[in-house]
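Go ahead and model the full structure; you've got the sequences and the hints to work with.
Protein chains in written order, with the working numbering: chain A, 1 to 418; chain B, 1 to 176.
Just so you know, these hints were derived from the structure itself, not from any lab.
Some hints here could point you the wrong way.
Straight-line distance between alpha carbons at most 27 Å, and here's what the computed DSSO-like set of lysine-lysine pairs gives [as the list claims (entries may be wrong)]:
# : chain 1 : residue 1 : chain 2 : residue 2
1 : A       : Lys354    : B       : Lys83
2 : B       : Lys153    : A       : Lys354
3 : B       : Lys158    : A       : Lys354
With the C-beta cut set under 8 Å, the calculated list includes, among others, these residues of chain A facing chain B [what the hints assert, rightly or not]:
#  : residue
4  : Val167
5  : Glu169
6  : Gly177
7  : Asp182
8  : Arg295
9  : Gly303
10 : Leu305
Values in this document were obtained by computation on a predicted structure and should not be read as measured data.
Don't be surprised by glycine CBs; every beta carbon is placed ideally from N, CA and C.
Residues per chain are reported as follows:
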Amino acid sequence: MAAKFENSIVRWIDHRLPIFTFMHHELHEYPTPKNLNYWWNFGSLAGIALVIMLISGITLAMHYTPHVDYAFDSVERIMRDVNYGWLIRYIHMNGASFFFIVVYIHIFRGLYFGSYKAPRELLWMLGVVIMLLMMATAFMGYVLPWGQMSFWGATVITNLFSAIPVVGESIVTWLWGGFAVDNPTLNRFFSLHYLLPFVIIGVVVLHLVALHRFGSNNPLGVDIKSAKDQIPFHPYYTVKDAFGLGVFLIVFSAVVFFAPNFFGEPDNYIPANPLVTPAHIVPEWYFLPFYAILRSIPDKLGGVLFMFGSIAVLFILPWLDRSPVRSGQFRPIFKIFFWILVVDVVALTYFGGKPAEGWYVIGSRFATAYYFIHFLLVLPLLSIFETPRQLPKSISEPVLGGGAGLAGAATAPRENDR
Amino acid sequence: MADTHQGETRRDFLYIATAAVGAVGAASAVWPFVDQMNPAADVLALASIEFDTATVTEGMAVTVKWRGKPVFVRHRTPDEIEKARAVPLADLPDPAADATRALKPEQLIVVGVCTHLGCVPLGQKPSDPRGDYGGWFCPCHGSHYDTAGRIRKGPAPKNLVVPDYQYVSDTVVRIG
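What follows is the structure in structure tokens.
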């Protein structure tokens, strides 16, 4: 169990606080499939994005004032007067977008390779919880600069709760601490925006505990069968993750330094005005698919239910897709529908950013319908009717051949075997 | 045997009683932390305003701020009142007769907050779009209100809210 450490101080500490044993176990002995591709980089990248957001956020909080009369000005002061304030704020602002990009790729990776299937259902559900917490955090953070989009975004989103029958209005008043979005709202949003990232850390720890119970899924979706199928996480995946991090940081820096307002809305540089709604309210891009679903339903309560339903459906996904084959690589029909879903979500993002009129409304209705049809109809039916391709016997087999000598290195031999 | 059994029952009762008292105690300790988020006394104190409607001439509309929200005061033309009265109630998503919408038919006073998701509808300025029914149009999600502030088309479920108000003199109105 306990690893042998050469350094006597490390041994002394480890005997009393087995932190080195823990690290050795989770990083070195931890069996990792040897065939993970670059889509598997996005888990650790998400963790790093969280750390970037924490560091930049805590720094910004040292200069920010959560009061309706000072919030906008304090952010402008950060941008103009605070040393490197512009850099830290642009890191935090764009960091949110990149965090969502990374997490969305991570989620679609899981969707394609069946990472939500047994025995990883709880791992997946914890991931959905993290996404929900991220959304709440991002939403409240966007309110803090107290620009026009901050104010009206807060108004529209908190008003979603007024759709709840009977108690809706009281809940909204309770959320606001008044009769409109105002100073009490800003204060509590700041408090919660500071708190929730630490809650996210807690759920991330659970996510990792659940991950390390059975280890990573892999592109073939077959379990590790023998020592031949695995390599230690460190140094093999630490170095691969580090390379991915380098690429990520190049792209991130390019945006932070050369297009820092690319993801933003110009209207948010206008101070909040409770008496004038901007002509075209849009949430941040990462909320657009859900916003499109909300608007596509011509009924207030219905829209809210469908919007939350679009995430709720992810919670029960492990029980909707009953196909025993994890990886989409071996599911010819699933693969087609997977890409339709990707296009569908991109379309929802597009419609969510357009005004609710004309054929945009019709388009977003079709896209919303397909989103739910995919999860509630297509996946359950595919589990019954689809004939998956032959799975390899092990992770090593497609590469090393199932004892049949040199079967070729590419993907083709998989089908010939067995 | 029966004795032991009786002892267990008494112990069970103690467990349940302790847990119940503990739960009540915990719930009453939680309540202040929930209720602190409701509107504070100073917020509630700003609850009413007075406004002189004589400054609003026929065809004109004015926005005043009440409880942090805009309130629309519109002096309706006879034509607008006529249009609002001509609509059969069955055609309305949230039926309300025009007579119930205003104390004085020519002075329409409604809270200028869309009942969908809380945006401020357009239609106060002459240059604003007023929607298909000549009242207000909410740009956020496309709700159309008529000349009595009633919802006619779009996702909003309810008419614009008529706040509690009374005339303290011939022209001065107290809202709230």
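Cross-check of the supplied hints:
For the given pair, Lys354/A sits about 33 Å from Lys83/B by alpha-carbon distance, which is inconsistent with the 27 Å threshold. With a C-alpha separation of about 20 Å, the suggested pair Lys153/B and Lys354/A falls inside the 27 Å cut-off, and the hint holds. Among the hinted pairs, Lys158/B with Lys354/A is consistent with the structure: their alpha-carbon atoms are about 25 Å apart, no more than 27 Å. Look at Val167/A: its Cβ only gets to about 13 Å from chain B, farther than 8 Å, so that hint breaks.
Checking Glu169/A against chain B: minimum C-beta separation of about 10 Å lies over 8 Å; hint violated. With a least beta-carbon distance of about 6 Å to chain B, the hint placing Gly177/A at the interface is held under the 8 Å criterion. Given hint, Asp182/A at the interface with chain B, holds; its Cβ is 5 Å from that chain's nearest Cβ, closer than 8 Å. Look at Arg295/A: its Cβ gets to within about 6 Å of chain B, closer than 8 Å, so that hint holds up.
Because the smallest distance between the Cβ of Gly303/A and any Cβ of chain B comes to about 7 Å, under 8 Å, the interface hint for this residue holds. Using the Cβ-Cβ criterion of 8 Å, the hint placing Leu305/A at the interface with chain B is not satisfied: the shortest such distance is roughly 13 Å.
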